[in-house]
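Spelled out, the chains give:
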Amino acid sequence: MNCRECEEHLYEFLDKELTPETERQIRGHLADCEPCGEHFDFEGMFLRFLRARCRAQGAPQELKRRLLHDLFGE
Amino acid sequence: MATPTPTPVDQKKRASFEQEALVHLDALYRVALRLTGNAADADDLVQETMLKAYRAWDQYEKGTNAKGWLLTILRNSFINEYRRRTRHPETVDVDTIEPFAVFGEVQEDDPQGAFFDQIVDDEVLKAIDELPVAFRETLVLSDVEGMSYQEIGKILGVPVGTVKSRLFRARQALQGKLYGYAVSMGYIKGSPA
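Chains as they are written, first to last, in the numbering used here: chain A, 1 to 74; chain B, 1001 to 1193.
What the hints contain is simulated information worked out from the structure, not anything from laboratory work. Heads up, the beta-carbon is just placed ideally off N, CA and C, and yes, glycines get one too. There could be a bad hint or two in this list.
Claimed, not checked - Cβ pair distances, simulated, as ranges: (1) G37/A to D1117/B: 18 to 24 angstroms; (2) V1160/B to H69/A: 18 to 24 angstroms; (3) G1161/B to R4/A: 45 to 51 angstroms; (4) D1010/B to D41/A: 37 to 43 angstroms.
Claimed, not checked - Think about it this way: if two alpha-carbon atoms lie no more than 30 angstroms apart in a straight line, the pair counts; the simulated DSS-like pairs of lysine-lysine are: (5) K1189/B to K64/A; (6) K64/A to K1067/B; (7) K16/A to K1067/B; (8) K1164/B to K1154/B; (9) K1012/B to K1052/B; (10) K16/A to K1012/B; (11) K1062/B to K1052/B; (12) K1126/B to K1154/B; (13) K1126/B to K64/A; (14) K1012/B to K1154/B; (15) K1164/B to K64/A; (16) K1062/B to K1012/B; (17) K1126/B to K1189/B; (18) K1062/B to K64/A; (19) K1189/B to K1154/B; (20) K1126/B to K1067/B; (21) K1189/B to K1052/B; (22) K16/A to K1013/B; (23) K1126/B to K1013/B; (24) K1013/B to K1067/B; (25) K16/A to K1154/B; (26) K1126/B to K1062/B; (27) K1164/B to K1126/B; (28) K1013/B to K64/A; (29) K1189/B to K1067/B; (30) K1189/B to K1062/B; (31) K16/A to K1164/B; (32) K1067/B to K1052/B; (33) K1013/B to K1052/B; (34) K1067/B to K1154/B; (35) K64/A to K1154/B; (36) K1012/B to K1126/B.
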């Protein structure tokens, strides 16, 4: 696998959407290619950062209360 | 039956709805908030989704993917009733938006993207809310809710290939925006995206 092919699978790799065989080939390339390794690390870090920044919000208590009332008459 | 009194069947339905549907309330609310862009509309959208889901609960095959099923209802409700009302119709063709390679810009100075750490939650959410809706919904389902490409395709009614390309463009667009913001704040040197 060359750098271009590896980059094409960047997000599928990080999203765990690849077959074990393609994933293995990519791991092999990343182990040997520092620039690709750095790029994959960067993008992986970005996805973790995004998730961390967006998970704090939950449904407000008032909405939960209203829902239970409308659904079950409580 | 005008005023239903709780029967053993109702209790059973209620218990399974609580167990399988209500546990996803926070996820539904997060997605609703990103779709509608404000708390009042997100409240209404989630409320409507849960009431619809409860009415249709017999059609849901228990023990399958309740989160995906609920998000499909939520997304359809949004498209049908909220989109036109809460946001201006979008004229931008999402498939023509040029991706901006942030890594190429920062790989010399900050290859680990440490500048992202300085960007607070509200700025990230604001940047997501500025994305076209087709990007926003794909990105939120994947990156916030952790759904698979196939699940997202099912919820949005698009092929997996479309999910993949939208996700790529959405992430690149978001990175570009956040990079531009980081540059404008002096978190990192460079030219704004």
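Decide if the proposed pair is consistent with the structure: K1189/B and K1067/B, CA atoms, cutoff 30 angstroms inclusive. 42 angstroms, violated
Can you confirm whether the C-alpha distance between K1164/B and K1154/B stays at or below 30 angstroms? Roughly 13 angstroms separates the two Cα atoms, so the pair holds.
Pair hint K1067/B and K1154/B, alpha-carbon separation not exceeding 30 angstroms: Since the Cα atoms of K1067/B and K1154/B sit roughly 12 angstroms apart, the hinted pair holds (cutoff 30 angstroms).
With a cut-off of 30 angstroms on the C-alpha distance, tell me whether K1126/B and K1067/B pass. Roughly 25 angstroms separates the two Cα atoms, so the pair holds.
Compare the distance between the alpha carbons of K16/A and K1013/B with 30 angstroms, and conclude whether the hinted pair is satisfied. Between K16/A and K1013/B the Cα gap is close to 35 angstroms, so the pair fails against 30 angstroms, i.e. violated.
Given pair status - K1067/B, K1013/B, alpha carbons within 30 angstroms: 17 angstroms, holds
Would you check the hint for K16/A and K1164/B, treating anything up to 30 angstroms between C-alpha atoms as holding? Holds, at about 12 angstroms.
What's the verdict on K1012/B and K1126/B, does the C-alpha distance respect the 30 angstroms limit or exceed it? 41 angstroms, violated
Quick one, are K16/A and K1012/B close enough, alpha carbons at most 30 angstroms? 37 angstroms, violated
Below or equal to 30 angstroms on CA atoms is what counts here, so check K1012/B against K1154/B. 29 angstroms, holds
Would the hint linking K1067/B and K1052/B be met if the CA-CA limit is 30 angstroms? Holds, at roughly 14 angstroms.
Is it true that the CA of K1126/B sits at most 30 angstroms from the CA of K1062/B? 36 angstroms, violated
This entry does not satisfy hints 2, 3, 4, 5, 10, 15, 19, 21, 22, 23, 26, 29, 30 and 36, going by the numbered hints stated previously.
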